[in-house]
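Protein sequence lines, in the order shown, are assigned to chains A and B. Just so we're aligned, residue 1 is where the first sequence starts under my numbering, counting upward by one. Just so we're aligned, residue 1 is where the second sequence starts under my numbering, counting upward by one.
Derived from the structure by calculation, the hints contain no laboratory data. One or more hints might be untrue.
Repeated chains share a single entry, so a pair holds when one copy, or any two copies, can fit it.
Derived pair list, reagent style SDA-like, types lysine to any residue, alpha-carbon separation capped at 25 Å [as the list claims (entries may be wrong)]: (1) K342 - H12; (2) K342 - P305; (3) K342 - A219; (4) K50 - E34; (5) K186 - P304; (6) K50 - P23; (7) K342 - V225; (8) K342 - E307; (9) K342 - P329; (10) K186 - A76; (11) K342 - P304.
2 protein chains.
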Amino acid sequence: MMAGSSALHPDHRIGVVQIGLGPIGQGIVRRVLEMPGVRLVGAVDPAPDKAGQDVGSLVGRARVGVEVQPRLDPDAVAGASVALHSTGSHLEAVMDQLLALVEAGLSVISTCEELAWPWHHHPGPAQRLDRAARRAGVTVLGTGVNPGFVMDLLPLVMTGVCTRVEHVHARRVVDASRRRGPLQRKIGSGLAPDEFDRLVAEGRLGHVGLPESAALVAAGMGWRVDRIDNVVRPLIASRPIETPHLSVRAGQVQGLLQTVTAWQGDRERVRLDLVMALDPPASEDAPTAGGARGVDHLRITGEPPLEVVVPGGIFGDTATVAAVTNAIPRVMEAPPGLLSVKDLAAPGWWSGAAW
Amino acid sequence: MMAGSSALHPDHRIGVVQIGLGPIGQGIVRRVLEMPGVRLVGAVDPAPDKAGQDVGSLVGRARVGVEVQPRLDPDAVAGASVALHSTGSHLEAVMDQLLALVEAGLSVISTCEELAWPWHHHPGPAQRLDRAARRAGVTVLGTGVNPGFVMDLLPLVMTGVCTRVEHVHARRVVDASRRRGPLQRKIGSGLAPDEFDRLVAEGRLGHVGLPESAALVAAGMGWRVDRIDNVVRPLIASRPIETPHLSVRAGQVQGLLQTVTAWQGDRERVRLDLVMALDPPASEDAPTAGGARGVDHLRITGEPPLEVVVPGGIFGDTATVAAVTNAIPRVMEAPPGLLSVKDLAAPGWWSGAAW
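Go ahead and model the full structure; you've got the sequences and the hints to work with.
Here it is, written out as structure tokens:
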């Protein structure tokens, strides 16, 4: 099954269009421009400082003769088989874009966090998308590094060598000290603790997609999920922290600790701990040596029990660009519908060579 | 695509037959008997102490009313959709069995090490099997923990979050001290160094399947392989080692170190180091603490660079049983032909529930 194969270009390259030109979208464009088997035929972003520019120049590369379009209309996506989509984290906010792409006959690979496994938290939109994709004969996939890989797909893959699985635990520690200013603010750095709690209560702080990862793991294991809890707590700085973007005083927030648990009855089946902080507190598996203070740590309780450590952790921005672009040939070969990373062929690097 | 779906039992369980009742085959049977969605309809082994016995009793479980057949003939596999096959490591030695199963209309999941990626070292048999499987509308897969997971599929999966990959290195250290006697002898323990070298030269020592893993990794990365080197060296004991099965004197062999490298021109692309020894020498990532002296260690050179550590290492026998049985639903849904683990849906535990 080769959804969209009829839209291969005469030169046999896969035509793609990039929707959204924030930092991740721009990273995707840079990688796509290096892939000989892929042809960037369009780019869409409504920002006044982007629309109208050559997309190559916009991302710091040579001009490519593709002008950024302000609107997602049929002209903007003509000639594309696959849309790479990175405009937002919340499914409801991007539903119209996803449906427009599907109805234009494009498969979609999106970084929308809630799309990674929308069947639990957003069953209505998931069904609508799935039906539209099947009708159009295209594939829709939500992916990235988190959700989409390190706290869901990778633990699922590890269970492939288990005869029994009782519980899945993933812990990710991200040191935000050297990351972009917006990310440092997104994790609450510099806030007073009560302001942090207020923003959490309003749903404005916390990593979007973590509950989806837990639901995806549970679905992969065949566990019926009765409840998913999502708790976001502040990490309070015990000493001042300075970054190029902001200052944190002792007693202010240096980052967040988010814990999502998925329950089958009164039995915890999945636990995901995400620490995103400036100078996250050291722990035995997040040594300070070498400057890399992040870590990814998986623990499968079962037979055999398994522990997996990624020292330093997987660097998020690059990994998300990779997850999206490496998925292109897999999506081209997938059956139509709304799929998840666990349904596709096993992940892997794609050189971008003619396909 | 549901190869063999027409052979689902009236009760909707998947009918399987087990070919080969050595330690791994018996482990597979024990797991299959626990899977409500699978029905064991046959078992074949020519050994006089096995044929004619009830297969449940043979594996230390309750009688199941299935008698071990001495020969792989049509009666022995009647009612099965999938054959689970564990009779040998070398492809040429099991080709007739594999072809007979395929021609009987069964998909095959085999632990035959050389079947994990036969396209490089055994292209003729690979083509024959592929053609026969397509003709019969069934799927043939070689899998296990090594080859099939830890030194090939897992590194491939990790590259799914890389935008660039230059080199893949996997190192596996297995402490054979507490393993079965046959395994301890298979790795040369207790031999004199010159006897070890003679057996290596005769192709009678060394882990079968390691060159196949390297070829599989290269194929997954899209690297043309010009040469695969396979070097097996003895590890010499510096002090006496006693196990329940044998004694090693200082100066005798305590195990082996096997290194396989895959080359694209004069560029090393894949390096696999396998240490299998009694009390393998400690190294920084194989601490002696806790008694678990094995480790699996992956290193991807690329963007981002990635390191993955499985402290203790993945326990082989259980993991191979798991890899085979967890593949059942994936093979049922796969297209016909000779596939590899990288072509199937992402791996993961299967509870064995009705499918």
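Structure-based check of each hint:
{"no.": "1", "hint": "K342 - H12", "in the structure": "between (28 Å within a copy, 24 Å between copies)"}
{"no.": "2", "hint": "K342 - P305", "in the structure": "both (21 Å within a copy, 24 Å between copies)"}
{"no.": "3", "hint": "K342 - A219", "in the structure": "both (9 Å within a copy, 22 Å between copies)"}
{"no.": "4", "hint": "K50 - E34", "in the structure": "within (21 Å within a copy, 59 Å between copies)"}
{"no.": "5", "hint": "K186 - P304", "in the structure": "between (38 Å within a copy, 23 Å between copies)"}
{"no.": "6", "hint": "K50 - P23", "in the structure": "within (12 Å within a copy, 64 Å between copies)"}
{"no.": "7", "hint": "K342 - V225", "in the structure": "within (17 Å within a copy, 29 Å between copies)"}
{"no.": "8", "hint": "K342 - E307", "in the structure": "both (20 Å within a copy, 22 Å between copies)"}
{"no.": "9", "hint": "K342 - P329", "in the structure": "both (15 Å within a copy, 13 Å between copies)"}
{"no.": "10", "hint": "K186 - A76", "in the structure": "neither (32 Å within a copy, 63 Å between copies)"}
{"no.": "11", "hint": "K342 - P304", "in the structure": "both (21 Å within a copy, 23 Å between copies)"}
The structure does not agree with numbered hint 10 stated previously, though it agrees with all others.
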